[in-house]
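Chemist: Build the full structure now, drawing on both the sequences and the hints.
Chains as they are written, first to last, in my numbering: chain B, 14 to 126; chain C, 107 to 217.
Hints should not be assumed to be uniformly reliable.
Unchecked claim - Distance condition first, Cα-Cα at most 20 Å in a straight line; then the derived PhoX-like pairs of lysine-lysine:
| id | chain 1 | residue 1 | chain 2 | residue 2 |
| --- | --- | --- | --- | --- |
| 1 | C | Lys158 | C | Lys128 |
| 2 | B | Lys125 | B | Lys84 |
| 3 | B | Lys113 | C | Lys158 |
| 4 | B | Lys125 | B | Lys18 |
| 5 | B | Lys67 | B | Lys84 |
| 6 | B | Lys81 | B | Lys69 |
| 7 | B | Lys18 | C | Lys158 |
| 8 | B | Lys69 | B | Lys84 |
| 9 | B | Lys67 | B | Lys125 |
| 10 | B | Lys125 | B | Lys113 |
| 11 | C | Lys146 | B | Lys18 |
| 12 | C | Lys124 | B | Lys113 |
These are computed hints drawn from the structure, not numbers from a lab.
It should be emphasised that the depicted structure is a prediction, and the values quoted were computed from it without experimental measurement.
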Amino acid sequence: DQQVKQNSPSLSVQEGRISILNCDYTNSMFDYFLWYKKYPAEGPTFLISISSIKDKNEDGRFTVFLNKSAKHLSLHIVPSQPGDSAVYFCAANRREYGNKLVFGAGTILRVKS
Amino acid sequence: ETGVTQTPRHLVMGMTNKKSLKCEQHLGHNAMYWYKQSAKKPLELMFVYNFKEQTENNSVPSRFSPECPNSSHLFLHLHTLQPEDSALYLCASSQSSGIAFFGQGTRLTVV
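Modeler: If you want it as structure tokens, here you go:
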């Protein structure tokens, strides 16, 4: 039973446009959500996070939105750049249980120039 | 430089071999993790160590044996693996329940 789902295996976007990556979760006990980015032959790198007490967190070109009632979060990248092409993983955990991150399967983002 | 270093980067081993994966973190974190990423699957948490003590074993077969001699080092000892164990093995560290930082991974192939 997958508790964190990324239903789009891939996404293709034109340079300069907005990229929207989506993530759904089933466990209402999760209270902390993260996005990681992974290039081939490298480990995942942390991108941005959001606590369940917020509905939006912004860091430069990256914004994460959280809709708790829908158990849905999204990552917006604007403007998208070719260097953003990578696999993006959504992850969630309940912080009082430590850092047992539950990951989605990832979405491959391709930004075309 | 990620602060979390894994060796080797690539490993090919036979089913009767014994090998070890090594992870070292230079971030002063107190928690270390092993994750497994199989093809087209989510990252799966295998083991968690907090302050050198194992706090999580996510139903991992005994042919995988972790060792954490101190807060900076983590090993994964491999013994009589199966071809289906071929995957990317990722080490991560964090400060308690903070953000996890990953190493570059070891690509393991079992033949």
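Chemist: Given the hinted pair lysine 18/B and lysine 158/C, is their alpha-carbon gap at most 20 Å?
Modeler: violated (32 Å)
Chemist: Holds or violated: lysine 125/B and lysine 113/B, Cα atoms, limit 20 Å.
Modeler: Distance of about 35 Å is beyond 20 Å: violated.
Chemist: Quickly compare the C-alpha distance for lysine 125/B and lysine 84/B to 20 Å and report which way the hint goes.
Modeler: Not OK: lysine 125/B and lysine 84/B at ~30 Å, beyond 20 Å, violated.
Chemist: When you check the alpha-carbon spacing of lysine 125/B and lysine 18/B, does it fall within 20 Å?
Modeler: violated (25 Å)
Chemist: Taking 20 Å as the top limit, are the C-alpha atoms of lysine 69/B and lysine 84/B close enough?
Modeler: Since the Cα atoms of lysine 69/B and lysine 84/B sit roughly 14 Å apart, the hinted pair holds (cutoff 20 Å).
Chemist: Assess, step by step, whether the Cα of lysine 146/C is no farther than 20 Å from the Cα of lysine 18/B, and give holds or violated.
Modeler: holds (13 Å)
Chemist: Holds or violated: lysine 81/B with lysine 69/B, Cα cutoff 20 Å?
Modeler: holds (11 Å)
Chemist: Hinted pair, alpha-carbon criterion (20 Å max): lysine 124/C, lysine 113/B. Please report holds or violated.
Modeler: Violated, because 28 Å separates the two Cα atoms, which is more than 20 Å.
Chemist: Does lysine 125/B lie within 20 Å of lysine 67/B when you go C-alpha to C-alpha?
Modeler: Distance of about 32 Å is beyond 20 Å: violated.
Chemist: Compare the distance between the alpha carbons of lysine 158/C and lysine 128/C with 20 Å, and conclude whether the hinted pair is satisfied.
Modeler: OK: lysine 158/C and lysine 128/C at ~15 Å, within 20 Å.
Chemist: Sort out whether lysine 84/B lies within 20 Å of lysine 67/B, counting only the CA atoms.
Modeler: Status holds; Cα separation ~13 Å.
Chemist: Has the given pair, lysine 113/B with lysine 158/C, been kept, meaning a C-alpha gap of at most 20 Å?
Modeler: Distance ~16 Å between lysine 113/B and lysine 158/C Cα, so the pair holds.
Of the numbered hints given earlier, the model fails hints 2, 4, 7, 9, 10, 12; all others are met.
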